[in-house]
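Visitor: As they're listed, the protein sequences go chains A and B.
With our numbering applied, the first sequence covers 215 to 562.
With our numbering applied, the second sequence covers 215 to 562.
Hints are supplied without guarantee of correctness; some may be wrong.
Which copy is meant is left open, because identical chains are indistinguishable; a pair holds if it fits in one copy or across any two.
[Claimed, not checked] Straight-line distance between alpha carbons at most 25 Å, and here's what the computed DMTMM-like set of lysine to aspartate or glutamate pairs gives:
| id | residue 1 | residue 2 |
| --- | --- | --- |
| 1 | K234 | E527 |
| 2 | K274 | E483 |
| 3 | K487 | D501 |
| 4 | K487 | E232 |
| 5 | K274 | D421 |
| 6 | K551 | D306 |
| 7 | K551 | E530 |
| 8 | K487 | E444 |
| 9 | K487 | E281 |
| 10 | K487 | D272 |
| 11 | K551 | E444 |
| 12 | K551 | D235 |
| 13 | K551 | D272 |
| 14 | K274 | D429 |
Please keep in mind that the hints were generated in silico from the structure rather than gathered at the bench.
2 protein chains.
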Amino acid sequence: MSTDVNRRILLAARPVGEPKDTDFRLVEGPVPTPGPGQLLIRTLWLSLDPYMRSRMSDAKSYAAPVEIGQVMVGGAVGRVIASNHPGFAAGDIVEGRTGWQDYALSDGTGLRKVDPSLAPVSTAVGVLGMPGMTAYTGLLTIGQPRPGETVVVSAASGAVGSVVGQIARIKGARVVGIAGGAEKGAYLTGELGFDAAVDHCAPDFADRLRAAVPDGIDVYFENVGGAVWEAVWPLLNPFARVPVCGLIAQYNSVGASEGPNRMPQLMREVLSKRLTLRGFIVGDFADQHAAFLRDVSGWIRDGRIRYREDVAEGLENAPRTFLRLFRGENFGKLLVKVVTAGSDRPRP
Amino acid sequence: MSTDVNRRILLAARPVGEPKDTDFRLVEGPVPTPGPGQLLIRTLWLSLDPYMRSRMSDAKSYAAPVEIGQVMVGGAVGRVIASNHPGFAAGDIVEGRTGWQDYALSDGTGLRKVDPSLAPVSTAVGVLGMPGMTAYTGLLTIGQPRPGETVVVSAASGAVGSVVGQIARIKGARVVGIAGGAEKGAYLTGELGFDAAVDHCAPDFADRLRAAVPDGIDVYFENVGGAVWEAVWPLLNPFARVPVCGLIAQYNSVGASEGPNRMPQLMREVLSKRLTLRGFIVGDFADQHAAFLRDVSGWIRDGRIRYREDVAEGLENAPRTFLRLFRGENFGKLLVKVVTAGSDRPRP
Chain A
215 MSTDVNRRIL
225 LAARPVGEPK
235 DTDFRLVEGP
245 VPTPGPGQLL
255 IRTLWLSLDP
265 YMRSRMSDAK
275 SYAAPVEIGQ
285 VMVGGAVGRV
295 IASNHPGFAA
305 GDIVEGRTGW
315 QDYALSDGTG
325 LRKVDPSLAP
335 VSTAVGVLGM
345 PGMTAYTGLL
355 TIGQPRPGET
365 VVVSAASGAV
375 GSVVGQIARI
385 KGARVVGIAG
395 GAEKGAYLTG
405 ELGFDAAVDH
415 CAPDFADRLR
425 AAVPDGIDVY
435 FENVGGAVWE
445 AVWPLLNPFA
455 RVPVCGLIAQ
465 YNSVGASEGP
475 NRMPQLMREV
485 LSKRLTLRGF
495 IVGDFADQHA
505 AFLRDVSGWI
515 RDGRIRYRED
525 VAEGLENAPR
535 TFLRLFRGEN
545 FGKLLVKVVT
555 AGSDRPRP
Chain B
215 MSTDVNRRIL
225 LAARPVGEPK
235 DTDFRLVEGP
245 VPTPGPGQLL
255 IRTLWLSLDP
265 YMRSRMSDAK
275 SYAAPVEIGQ
285 VMVGGAVGRV
295 IASNHPGFAA
305 GDIVEGRTGW
315 QDYALSDGTG
325 LRKVDPSLAP
335 VSTAVGVLGM
345 PGMTAYTGLL
355 TIGQPRPGET
365 VVVSAASGAV
375 GSVVGQIARI
385 KGARVVGIAG
395 GAEKGAYLTG
405 ELGFDAAVDH
415 CAPDFADRLR
425 AAVPDGIDVY
435 FENVGGAVWE
445 AVWPLLNPFA
455 RVPVCGLIAQ
465 YNSVGASEGP
475 NRMPQLMREV
485 LSKRLTLRGF
495 IVGDFADQHA
505 AFLRDVSGWI
515 RDGRIRYRED
525 VAEGLENAPR
535 TFLRLFRGEN
545 FGKLLVKVVT
555 AGSDRPRP
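Input sequences plus hints: build the corresponding full structure.
Guide: Given below as structure tokens:
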């Protein structure tokens with residue numbers, strides 16, 4: 215949509231449980247003008263990621279919450295429209311946490327230039343961006359898969375999970391993906407070359423998972439939590455590693471979970487099997503960015519890593535599109551295309 | 215007790231919940247004669263350790279269970295009485311898993327010579343043995359305490375916990391010990407130099423613990439599980455490390471634990487605080503034995519590590535003494551003195 219208005223989507227209320235339309239508010243205002251040292255960015259692609267749910271909450275977390283009335287947080291790919299910053303020029307493609315809005319001002323902090331020759335620029339918030347680097351660092355640094363080991367990943371057709379599984383295959387592991395529904399399963403074993411896929415919506419999910427890992431599980435890359443985790447942990451092998459990356463099944467839950475309390479059994483497994491559980495976020499491994507970009511862009515070029523995008527059009531659709539993540543409705547990296555080709559220059 | 219009879223304590227039944235007298239059986243037989251390549255060991259000191267409870271059960275664990283009718287497993291310090299093994303001579307002091315019996319035959323496997331000049335030989339199953347090395351390896355390899363950090367250890371006056379706390383102090387950390395009762399607490403802050411002690415028997419234990427760690431917890435060395443763990447984990451700091459060494463509060467529990475299910479909250483903490491939980495046993499770090507012996511014997515000589523032994527007399531008292539571990543009644547490293555001085559040579 216061509217516009218000389220800056221539309222911004224604000225956090226209107228802290229959601230209880232699943233976010234609702236009324237938790238967001240779309241406001242319009244003038245396109246801002248960059249001051250000294252600033253640049254103006256036109257948002258091209260908006261990334262929708264599970265972590266944003268926790269920023270809507272004021273529960274203690276690794277990052278400060280979005281305040282009520284602030285622009286919703288989010289990574290985006292944009293084009294520099296005007297720049298008073300020596301490091302950026304009009305026309306540059308950039309990636310940064312510029313939020314749910316048509317235009318963003320930036321002083322360059324946290325912004326990086328995207329090389330459009332590597333891959334389509336939308337990948338800068340996908341397979342070559344935060345989700346891809348999350349997969350790369352968490353799997354290789356914490357999971358450390360070895361040839362012949364069994365790696366299981368949940369949310370396996372998503373932006374992170376699909377990269378986890380493919381890198382694990384490249385490292386010689388046997389890979390089992392957990393995803394919802396037959397279509398995603400077929401994609402995992404067909405297009406992405408996973409060794410097996412298990413549908414977590416099946417009523418006998420736990421049995422199917424057990425059958426799919428006859429040698430147990432050496433690495434479990436956790437994106438989901440909840441019932442999936444409860445089915446996974448009894449299958450972990452001695453010395454298994456569990457990078458804890460996300461818990462999307464739990465993000466909207468309210469209050470305490472019904473018993474029995476499974477904690478004592480988990481601790482017993484941690485001890486008797488000498489398990490490692492480790493939570494992380496991609497920022498913990500910022501020093502691996504160059505290695506990540508080199509390796510994963512190479513694997514994309516070689517056809518060893520494939521990716522799939524699930525694209526909604528129009529900034530105004532960001533809230534309802536975001537909710538698809540929590541219903542498992544997205545299929546691949548979830549994006550909002552904010553401008554269509556040719557319409558991304560503001561009228562003067 | 216001088217004897218030419220070999221008394222052995224066998225596992226008579228698999229305990230349900232807390233072990234009972236009838237789960238053990240004392241039998242008498244002749245002192246065995248070493249065959250080719252074998253040696254005969256007179257047990258001097260028998261070590262009683264929490265891990266033995268899991269060997270009495272046939273639940274899956276890192277080690278095979280003791281079979282019904284077999285001698286109870288256990289580390290011991292003994293004197294070589296006769297040897298047909300080139301590596302050992304009569305008079306040598308040795309340490310190994312020779313079990314709950316007056317005399318043991320060995321082919322030398324898993325046996326190590328003890329240097330009596332380092333410290334009293336009973337320490338070979340204590341501060342300079344398996345418990346001390348468990349503390350050293352788990353704390354330094356997994357816990358990695360840094361100067362100024364807060365380290366909390368449970369079962370803090372025990373064989374492992376007391377060494378954990380003292381090494382953490384040597385490494386410059388602030389150390390808080392959890393133990394049962396005022397007497398143990400006074401020992402921790404007095405004799406051992408801990409910065410604070412918290413009594414887990416106090417009805418307001420969780421509040422006291424919180425007050426004792428104003429800067430949160432960076433390393434929690436887990437020996438206990440159960441209610442202590444539930445009070446600890448909400449206090450863990452970002453990037454905290456949790457070496458999971460033991461769960462003595464849970465070893466005798468039967469069946470599922472009452473709800474609510476705390477697992478989802480724990481996983482949320484693991485993620486949002488990027489915690490590391492890692493189970494281990496001392497055998498995982500066997501390559502650190504020389505470093506352990508060098509460092510800890512040096513710290514004992516310098517007076518920087520102290521230890522306390524809780525000694526029962528007589529092999530026949532091993533079963534009832536063992537139970538004191540689960541009631542928190544031991545105060546220091548729990549040992550059975552199997553022979554008294556001068557009575558440790560068999561009549562010919």
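Visitor: Please go over all the hints and tell whether each is borne out by the structure.
Guide: Against the structure, the hints come out as follows:
no.: 1; hint: K234 <-> E527; result: within (20 Å within a copy, 70 Å between copies)
no.: 2; hint: K274 <-> E483; result: between (28 Å within a copy, 10 Å between copies)
no.: 3; hint: K487 <-> D501; result: between (31 Å within a copy, 20 Å between copies)
no.: 4; hint: K487 <-> E232; result: between (36 Å within a copy, 23 Å between copies)
no.: 5; hint: K274 <-> D421; result: between (36 Å within a copy, 20 Å between copies)
no.: 6; hint: K551 <-> D306; result: within (18 Å within a copy, 78 Å between copies)
no.: 7; hint: K551 <-> E530; result: within (10 Å within a copy, 78 Å between copies)
no.: 8; hint: K487 <-> E444; result: both (16 Å within a copy, 21 Å between copies)
no.: 9; hint: K487 <-> E281; result: between (43 Å within a copy, 21 Å between copies)
no.: 10; hint: K487 <-> D272; result: between (36 Å within a copy, 15 Å between copies)
no.: 11; hint: K551 <-> E444; result: neither (36 Å within a copy, 45 Å between copies)
no.: 12; hint: K551 <-> D235; result: within (20 Å within a copy, 73 Å between copies)
no.: 13; hint: K551 <-> D272; result: neither (29 Å within a copy, 58 Å between copies)
no.: 14; hint: K274 <-> D429; result: between (38 Å within a copy, 16 Å between copies)
Hints 11 and 13 from the list above are not met by this structure, while the remaining hints are.
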